[in-house]
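With the sequences and hints as input, model every part of the structure.
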Amino acid sequence: MTTTGLHVPGGSFIIRTAAPEEVFTPEDLSAEHRAVLGAVREFVAREVVSRREAVEAKDYALHRELLARLGAGGFLGVDVPEAYGGLGLDKVTSLIVSEGLAEAGSFAVTYGAHAIIGTLGIVFFGTEEQKQRYLPGLASGRMVGAYALTEPGTGSDAMGITTRAEQDADGNWSLNGVKQFITNAGFADLFTVYAKVDGEKFSAFLVERGTQGLTLGEEEKKMGTHGASCRAVNLNGVKVGAGNLLHEIGKGHHVAFNVLNMGRFKLAAGCLGGMKSALGVAVRYARERRAFGKTITEFGAIQHKLAEMAVRTFAVESMIYRSGGLIDARLASVTESAAEARALEEYAIECSIAKVYASEQLGYVVDELVQIHGGYGYIEEYPAAAAYRDARIHRIWEGTNEINRLLVPGTLLKRALQGRLDLLTTARRAADQITSAGMPASPAGGHLAEEQALVDAARQATLFVAGAAVQKFADRLEHEQEVLLGLADLAIEVLAMDSACLRARKSQAAGRRTAEHHAELARVIVSDGVTRIEAAARPILAALEQGDALRTMLAGLRRVLRGNPADTIALRRRIAQRVLEQGGYEA
1486 MTTTGLHVPG GSFIIRTAAP EEVFTPEDLS AEHRAVLGAV REFVAREVVS
1536 RREAVEAKDY ALHRELLARL GAGGFLGVDV PEAYGGLGLD KVTSLIVSEG
1586 LAEAGSFAVT YGAHAIIGTL GIVFFGTEEQ KQRYLPGLAS GRMVGAYALT
1636 EPGTGSDAMG ITTRAEQDAD GNWSLNGVKQ FITNAGFADL FTVYAKVDGE
1686 KFSAFLVERG TQGLTLGEEE KKMGTHGASC RAVNLNGVKV GAGNLLHEIG
1736 KGHHVAFNVL NMGRFKLAAG CLGGMKSALG VAVRYARERR AFGKTITEFG
1786 AIQHKLAEMA VRTFAVESMI YRSGGLIDAR LASVTESAAE ARALEEYAIE
1836 CSIAKVYASE QLGYVVDELV QIHGGYGYIE EYPAAAAYRD ARIHRIWEGT
1886 NEINRLLVPG TLLKRALQGR LDLLTTARRA ADQITSAGMP ASPAGGHLAE
1936 EQALVDAARQ ATLFVAGAAV QKFADRLEHE QEVLLGLADL AIEVLAMDSA
1986 CLRARKSQAA GRRTAEHHAE LARVIVSDGV TRIEAAARPI LAALEQGDAL
2036 RTMLAGLRRV LRGNPADTIA LRRRIAQRVL EQGGYEA
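Note that this note's numbering gives residue 2019 to position 534 of the sequence shown, counting from 1, and the numbers run on in steps of one.
This list has only true hints and no planted wrong ones.
Below, a list of computed lysine-lysine pairs in the BS3-like style, where the Cα atoms sit at most 25 Å apart:
{"hint": "1", "residue 1": "LYS1724", "residue 2": "LYS1686"}
{"hint": "2", "residue 1": "LYS1736", "residue 2": "LYS1616"}
{"hint": "3", "residue 1": "LYS1957", "residue 2": "LYS1899"}
Quick list of simulated restraints, FRET-style, between CB atoms:
{"hint": "4", "residue 1": "ALA1516", "residue 2": "GLY1996", "range": "16 to 26 Å"}
{"hint": "5", "residue 1": "PHE1784", "residue 2": "GLU1703", "range": "41 to 51 Å"}
{"hint": "6", "residue 1": "ALA1824", "residue 2": "GLU1506", "range": "24 to 34 Å"}
{"hint": "7", "residue 1": "ARG1961", "residue 2": "GLU1517", "range": "44 to 54 Å"}
{"hint": "8", "residue 1": "ALA1824", "residue 2": "GLY1728", "range": "19 to 29 Å"}
Hints listed in this document are in silico derivations from the structure and should not be mistaken for laboratory results.
Everything numeric in this text was worked out from a predicted model, so none of it was measured.
The beta-carbon is built from N, C-alpha and C at its ideal position, and this holds for glycine as well.
See below:
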């Protein structure tokens, strides 16, 4: 699946420079991968887009029908082992399915809640009996899944849930509590419900629709994704058997967070598909719209918007498929589902970054889609309005972007203390280099050598700032959320810059026809990324030191990030021309 069998530790992008041949890119997709993407897009165009009005009007019989049709094509069972009616394919294929469903509107939400978070808990942690009982139905679409974690008083604080699970003398369970904002609740057949045993042991249970004591609230009136079911789930003395416990008592967080890792990753792929779709819509509209006697595509301001939409899409795409290749390389030697969950946990940092970055770049792209449409972007008859509304939720669910940001530096530091990642030594080395009077080494030769040197400098700057924060706050750092959020932004920027640059270098080495286009995209990403790195680092350093010490640190930061900015105006003009020639995104 990947170009090498190298097992790269999660989070290592922050401490080492990879070689281009190590990374998986969209250009490495096989013919089978491309066939899957084509089939999913064809399904959406044929089955969903033609019935979009009914999908968005909460026709849940239609949602179930569409799930069954997806199941018949095997697309619901990509992550389900063949032994239980699935296809058991690689994670890159799983990403492709989510990307391809992006134009399905609210049905894409139905799919995600079912095939990802509504199914994977059983795949990873179910008993043999549970897998035999539920997975064939879930993989085929005969049964619909839902994931019931969130509660009215505990959104991001997942471990603070108050739903109770009490066991009787026969080993059966009684569940009491309320779950909020549960996608697919209106027509789901199986709920993965989280509750606390003895008020403290976080655990997961499988609850079937129709179980006595399980009732539903009314459909929520949402800002976007209007067609997706979203209701409260009330549990009033819901009785389930001992065999309905998923995994172990007190180990429900293993289920929840490993499922969310994959949920975040596939959500990012869906955001990528949405970005590509939005850019295509923007190009089609801009080609037809005339102002001041010209089509608006002739104006630099519009070209800048189209180019920037493509630039951000390239960065997201490069990051996601690079991480997907790493996960597949790690999974190549895994045979058991629980081991698969552990392999996914290895890349929890990358999953959180992908979720944050992709959802926020989608937010930018759909905002520009509205702006390019002008007043028509505000009219519901045009596609921009729905794209804008539907995109907003992605920054909230699967863990808010703030929570996911906090996870990034927190997990990096945890792994450093566990000896899994040589972060602290590397950070000290970066500090020594940056605070010394010497100038950074000149970039080596080769394609995009200057850009790769800037990426490495951004990595050094990030390590320098992170190390200084650890030294200043020590174990109090976990309470300095503003600093942690800034550190996350630095790490996110490094992964985006690095992934784009490595992809462009790999394209050049392979002699691909798109190599020069990739290089132009990467140059913009790196040039702008360095500016954002410095902007994110400065307030953190100001929170750590004052006076001469701060001036010394800022001087070191400027020195390591030195370099002439790229002519991004000219680069964006060329990128925009290619986007217009292709009619949308083509990298």
